[in-house]
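Asks: Chain by chain, the residues:
2 protein chains.
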Amino acid sequence: MNYVLAVVTGFNVSGAEEVILKARGRALSRAVDVAEVVRRRFLGGVEIGKIEIGSEEIRIEEENRTTNVSTMEITLTRSKPKPKAKPKRSQQRKKK
Amino acid sequence: MNYVLAVVTGFNVSGAEEVILKARGRALSRAVDVAEVVRRRFLGGVEIGKIEIGSEEIRIEEENRTTNVSTMEITLTRSKPKPKAKPKRSQQRKKK
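Going down the list, the sequences are from chains E and A. The first sequence runs 41 to 136 under the numbering used here. The second sequence runs 41 to 136 under the numbering used here.
If you're looking for bench data, these hints aren't it; they were derived computationally from the structure. Among these hints, one or two may not hold up.
As the list claims (entries may be wrong) - Here are some chain A residues pointing at chain E (derived, C-beta under 10 Å): (1) Asn52; (2) Gly65; (3) Leu68; (4) Arg80; (5) Glu92; (6) Ile100; (7) Ser110; (8) Met112.
Unchecked claim - So the derived list for chain A, only partly shown, Cβ under 7 Å to chain E, looks like this: (9) Arg66; (10) Ser69; (11) Val86; (12) Glu87; (13) Ile93; (14) Ser95; (15) Ile98; (16) Glu101.
The beta carbon of each residue, even a glycine, is placed where N, CA and C say it ideally should be.
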């Protein structure tokens with residue numbers, strides 16, 4: 041829930057147009073949870089943009105080896121409010 | 041590792057052009073792991089295509105309530121082998 045708050049703060053207080061959630065390993069599912077909660081509950085105008093996955097090599101010192109851990113980046117974008125439709129002008133007469 | 045094998049089988053044995061990995065909840069990170077292992081180690085020509093996230097309502101019978109679980113779909117596509125460059129023809133003479 042703290043992460044949700046952080047994202048909402050990013051959009052509302054800092055006025056950011058996009059917030060990127062980054063996660064590694066088992067926390068990937070939490071990043072998706074956060075993105076979904078923000079999208080569904082909090083801010084009507086937030087959309088999920090680019091999602092990227094990758095992997096990173098990390099070193100396990102105790103076992104003296106390296107292993108790969110999956111990574112993920114979810115870009116949340118705030119959709120700009122739509123401009124109000126202009127009131128239709130009554131048809132203007134052509135100047136003679 | 042069984043999932044990696046399933047994906048590789050899909051591409052190599054069944055000849056599929058794309059394989060979609062689907063996961064829910066805590067298994068999301070495993071889906072990303074599988075996608076990354078396939079992309080990096082097994083098949084040179086596999087690329088990660090569309091990634092979609094969403095959520096699903098599930099019912100917990102014991103507690104008589106519903107909860108949301110995050111879902112993810114990763115599309116793996118096999119990039120087609122590039123057509124071999126045609127051998128350059130020696131310039132033909134125009135017919136007179």
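Asks: With chain E as the partner, please determine if A:Leu68 meets the hint condition of a C-beta pair closer than 10 Å.
Replies: Result: holds, 4 Å to nearest chain E Cβ.
Asks: Is the interface hint for A:Ser69 satisfied, with its Cβ closer than 7 Å to some Cβ of chain E?
Replies: Holds, because the Cβ-Cβ distance from A:Ser69 to chain E comes to roughly 4 Å (cut-off 7 Å).
Asks: Can A:Glu87 be said to touch chain E, with a Cβ gap under 7 Å?
Replies: This interface hint is violated because 12 Å lies over the 7 Å limit.
Asks: Once the shortest beta carbon distance from A:Ile98 to chain E is found, is it less than 7 Å?
Replies: violated (13 Å)
Asks: Answer holds if the nearest beta-carbon of chain E is closer than 10 Å to that of A:Ser110; otherwise answer violated.
Replies: At 4 Å from the nearest chain E Cβ, A:Ser110 passes the 10 Å test, so the hint holds.
Asks: Answer holds if the nearest beta-carbon of chain E is closer than 7 Å to that of A:Arg66; otherwise answer violated.
Replies: Status holds, d = 5 Å.
Asks: Any CB of chain E closer than 10 Å to the CB of A:Gly65?
Replies: holds (6 Å)
Asks: Let's test the interface hint: is any C-beta of chain E closer than 10 Å to that of A:Asn52?
Replies: Violated: closest Cβ of chain E sits about 22 Å from A:Asn52, beyond 10 Å.
Asks: Less than 10 Å between beta-carbons is the criterion; does A:Ile100 satisfy it with respect to chain E?
Replies: violated (16 Å)
Asks: Hold the hint about A:Met112 up to the distance rule: shortest CB distance to chain E must be less than 10 Å.
Replies: holds (6 Å)
Asks: Holds or violated: the hint that A:Val86 contacts chain E, with Cβ atoms closer than 7 Å.
Replies: violated (13 Å)
Asks: Verify the interface restraint on A:Ile93: the C-beta must sit less than 7 Å from at least one C-beta of chain E.
Replies: holds (5 Å)
Hint compliance for this structure: hints 1, 6, 11, 12, 15 and 16 are broken, all remaining hints hold.
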